[in-house]
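There are 2 protein chains.
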Amino acid sequence: MLEARILDKLTEIVGKENIATEVQDMICYGYDATQMEFLPDAVVHPANSAEVSQVLALANREKFPVFPRGAGSGFTGGALPKGGGIVLVTTRMNRILRIDTDNLVAEVEPGVVTEAFQMEVEKLGLFYPPDPASLKFSTLGGNVAECAGGPRAVKYGVTKDFVMGLEVVLPTGEVIRTGGETVKGVVGYDLTKLICGSEGTLGVITKIIFKLLPYPDSKKTMLTVFDSIDGAARAVSTIIKGKIIPTTLEFMDHATLTCVERRFNLGLPAEGRAVLLIEVDGDRDLIEKQAEQIHALIKPLGLVQFRVAKDAAESEELWRVRRLVSPSLRDVNPDKFNEDIVVPRSRVPDVIRRIEQIQQRYEIPIVNFGHAGDGNIHVNIMIDKTVPGQLEKAHEAIKEVFQAALDLGGTMSGEHGVGLAKQAFIPMELTADQIGAMRAIKRALDPNNILNPGKMLPVE
Amino acid sequence: MLEARILDKLTEIVGKENIATEVQDMICYGYDATQMEFLPDAVVHPANSAEVSQVLALANREKFPVFPRGAGSGFTGGALPKGGGIVLVTTRMNRILRIDTDNLVAEVEPGVVTEAFQMEVEKLGLFYPPDPASLKFSTLGGNVAECAGGPRAVKYGVTKDFVMGLEVVLPTGEVIRTGGETVKGVVGYDLTKLICGSEGTLGVITKIIFKLLPYPDSKKTMLTVFDSIDGAARAVSTIIKGKIIPTTLEFMDHATLTCVERRFNLGLPAEGRAVLLIEVDGDRDLIEKQAEQIHALIKPLGLVQFRVAKDAAESEELWRVRRLVSPSLRDVNPDKFNEDIVVPRSRVPDVIRRIEQIQQRYEIPIVNFGHAGDGNIHVNIMIDKTVPGQLEKAHEAIKEVFQAALDLGGTMSGEHGVGLAKQAFIPMELTADQIGAMRAIKRALDPNNILNPGKMLPVE
Chain A
1 MLEARILDKL
11 TEIVGKENIA
21 TEVQDMICYG
31 YDATQMEFLP
41 DAVVHPANSA
51 EVSQVLALAN
61 REKFPVFPRG
71 AGSGFTGGAL
81 PKGGGIVLVT
91 TRMNRILRID
101 TDNLVAEVEP
111 GVVTEAFQME
121 VEKLGLFYPP
131 DPASLKFSTL
141 GGNVAECAGG
151 PRAVKYGVTK
161 DFVMGLEVVL
171 PTGEVIRTGG
181 ETVKGVVGYD
191 LTKLICGSEG
201 TLGVITKIIF
211 KLLPYPDSKK
221 TMLTVFDSID
231 GAARAVSTII
241 KGKIIPTTLE
251 FMDHATLTCV
261 ERRFNLGLPA
271 EGRAVLLIEV
281 DGDRDLIEKQ
291 AEQIHALIKP
301 LGLVQFRVAK
311 DAAESEELWR
321 VRRLVSPSLR
331 DVNPDKFNED
341 IVVPRSRVPD
351 VIRRIEQIQQ
361 RYEIPIVNFG
371 HAGDGNIHVN
381 IMIDKTVPGQ
391 LEKAHEAIKE
401 VFQAALDLGG
411 TMSGEHGVGL
421 AKQAFIPMEL
431 TADQIGAMRA
441 IKRALDPNNI
451 LNPGKMLPVE
Chain B
1 MLEARILDKL
11 TEIVGKENIA
21 TEVQDMICYG
31 YDATQMEFLP
41 DAVVHPANSA
51 EVSQVLALAN
61 REKFPVFPRG
71 AGSGFTGGAL
81 PKGGGIVLVT
91 TRMNRILRID
101 TDNLVAEVEP
111 GVVTEAFQME
121 VEKLGLFYPP
131 DPASLKFSTL
141 GGNVAECAGG
151 PRAVKYGVTK
161 DFVMGLEVVL
171 PTGEVIRTGG
181 ETVKGVVGYD
191 LTKLICGSEG
201 TLGVITKIIF
211 KLLPYPDSKK
221 TMLTVFDSID
231 GAARAVSTII
241 KGKIIPTTLE
251 FMDHATLTCV
261 ERRFNLGLPA
271 EGRAVLLIEV
281 DGDRDLIEKQ
291 AEQIHALIKP
301 LGLVQFRVAK
311 DAAESEELWR
321 VRRLVSPSLR
331 DVNPDKFNED
341 IVVPRSRVPD
351 VIRRIEQIQQ
361 RYEIPIVNFG
371 HAGDGNIHVN
381 IMIDKTVPGQ
391 LEKAHEAIKE
401 VFQAALDLGG
411 TMSGEHGVGL
421 AKQAFIPMEL
431 TADQIGAMRA
441 IKRALDPNNI
451 LNPGKMLPVE
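Residue numbers (full-length UniProt numbering), protein chains in the order written: chain A, 1 to 460; chain B, 1 to 460.
Chain A extracted, bound-state conformation (with noise of 0.2 Å):
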């Protein structure tokens, strides 16, 4: 517990009415979406980096802990206030400064919605491609911190490739910039992308400046159907050797479908085993001849079904079938680890043969669908807590699948991060000098070990 005088100072920081310490007004900032659950001592909202300086200089010469918070939307509980101290939440910093169409760059606070802000630089027919599945929750500074991915990453790549420049409160309290809005800039050592990602443990972000691009022209969405995982994982390898860079290659597998289609009966051939949600954007003439491209390239390969969408309404049709994904999982049973496995696109049938291995061995039904252009699967470990065992079984399976994925070459987590929910697994992808030489930034920027501690690395 703080004490009186400490929560005095941080009420005299920002405002009484952005302050709160009554556990009814704390608890919707102790869980995100993960099942974890932790209750803080205070909640503040600040409402400029000057602010946040000055709550951090505070805990650093009172000695507590501060957890970052944009929306509360994340997977892996790196927001969450585990062994107690205030929660800082970002949400009140959520202006979008400026959009700079001349420059294609645009400045914004770290609270403001993602999808907000598509929608904001979409009206002066500029894009924004990062999209997290929690989009229209989750704030952007969240999204910087985690390095949030999404569907249109095989061709835009993710959060940090659009993140040109940063300011950020320092552990210590000290407000800095980082990077800039030029698009190359080679002066000092790269902190933007230090901090992209660091879930929340090197700094506050408190502005974020953005690399935009033109809205593209058009697009177009194709919904394939292959007889069997590999098929449809050789047709990834085929589109991109094919020099097609698809905007997105979202796959479900054989469990994925059977959900799907057994609620809600869309109608998909009998005889697939795999889905890939294909689209294409860019020039209205390349992209017809991209989708007749694709058709050839990926027919020779137990492709049982092409559908093309016509328009608006089709594409929304076909995305459907992904879109009920989540909502179809709870038929199979009502708890979910859902984890994003990232290997390198050609191993995603070795992945999914090593996963249904687990699922037979645990007898438990894992589900897998996720962005196959990226080689990024996410593997949904479904089981009934109730049952006693299942909740056992279901961890030792979670660490198999991160194995299955480190053998082949790849990582157990792609935009997910790794908090407080696969911080015990680390040492199975890290050495212990990489771990060291992390270590060693992290005590270098927060010699207090307040901000965000005991997450995403190994406690000591």
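Since the hints were derived computationally from the structure, they do not count as laboratory data. Some hints here could point you the wrong way.
Any copy, or any two copies together, can satisfy a pair, since identical chains are not distinguished.
[Stated by the list, open to error] Simulated crosslink set (EDC-like; lysine to aspartate or glutamate; CA at most 20 Å straight-line): (1) Lys-155 - Asp-217; (2) Lys-243 - Asp-102; (3) Lys-241 - Glu-107; (4) Lys-219 - Glu-122; (5) Lys-207 - Asp-433; (6) Lys-243 - Asp-285; (7) Lys-241 - Glu-120; (8) Lys-243 - Asp-100; (9) Lys-219 - Asp-285; (10) Lys-155 - Asp-102; (11) Lys-243 - Glu-288.
We have chain A; now place chain B onto it with these hints.
Frame of chain A; chain B shown alone:
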């Protein structure tokens, strides 16, 4: 001077034939593309990361500086052994280890020459876009350490954007891997991007995993001449806003054109005040269409000539204007300071105007060309060092050029780095707190300050 017993240990590590201590053997490892020169105490050529690790461990025990070096083509003295110590040359580690055509990934050692790598991947229909002007002799390790750019960065990005993972020997001798072979990955801090552009101060790169692209189908080159700088600069924004991202948008100002024309008489229109050399690549039909669109978009902007290459030979002819720039410059004056400031694209005319004023004030010819699509202008300050006072004037003028870039929201270096050449100017661009954060990282990873000491950050 290093003691004989240390030289003996170094000899044990790398072998007798891979260490030099005689002046005549070391002299060519003491300079680069700047006009600075320093003699090291020894030059070692390790064969692999294990030897590099032993050298660095020894350096930490015995407290001597180690300066990593590729081909020594740097423009800022980043590899120079100022203050003495040993130069560690990476050119023996020069194998392309593998090119994975399924996953569009290659693994190389740092000593591979950039162009040699490009040619190897092109044989397989693949593409490694970064194209620094030094590509015929610079090494990939040096490119990564400096985060090299080049004309194609407009569309494809800089070296950093193609580095997926590294093997790095940390300053204290530990060999670690960073990143990986997957296009996404968020486990731990992004050490890969931190090492890229760190100018050899945070680690010695011993392996690089590069992302590759399919080689573009075709390309189209256009030489466009404008009656004003503003016209050329507005053309850049207009094309990009018109949803076309050219591969290159190379700019030459009037002084550059005058130099080239005087020497080579290419018949450029007399009313031309600025040239943009534009190249688009991709689908054959699309680039035809884009060339027409570009013409229509830029016609109203004071276009006085528009030439489109019909084939590869004509394309070479158009590129000749750009390639003749460097050989022409020496007619202006024998000595050159080549700076590489960057401003937001739309501020190119403003910075050119500021540079014209600086030129008039100091009465020194300044010739500007470079990558207008990135706002990255190569500012060439031409002097004759034998004329008393010119060197001092040049230094003052450089400082003002940097200030102009910074005033316009830019940076003093887009691709050359800081090294020794710009170190003294760093406090113009970075605040004490920014420098403090960078120093903290340097100290955390290199507590004995043995790896490329006294570079990049201002000397304390």
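A quick look at each hint next to the structure:
no., hint, in the structure
1, Lys-155 - Asp-217, "both (15 Å within a copy, 17 Å between copies)"
2, Lys-243 - Asp-102, "between (30 Å within a copy, 12 Å between copies)"
3, Lys-241 - Glu-107, "between (36 Å within a copy, 18 Å between copies)"
4, Lys-219 - Glu-122, "within (15 Å within a copy, 30 Å between copies)"
5, Lys-207 - Asp-433, "between (33 Å within a copy, 17 Å between copies)"
6, Lys-243 - Asp-285, "both (16 Å within a copy, 14 Å between copies)"
7, Lys-241 - Glu-120, "between (35 Å within a copy, 17 Å between copies)"
8, Lys-243 - Asp-100, "between (32 Å within a copy, 16 Å between copies)"
9, Lys-219 - Asp-285, "both (10 Å within a copy, 18 Å between copies)"
10, Lys-155 - Asp-102, "between (23 Å within a copy, 16 Å between copies)"
11, Lys-243 - Glu-288, "both (15 Å within a copy, 18 Å between copies)"
Violated hints are absent here; each numbered hint is respected by the structure.
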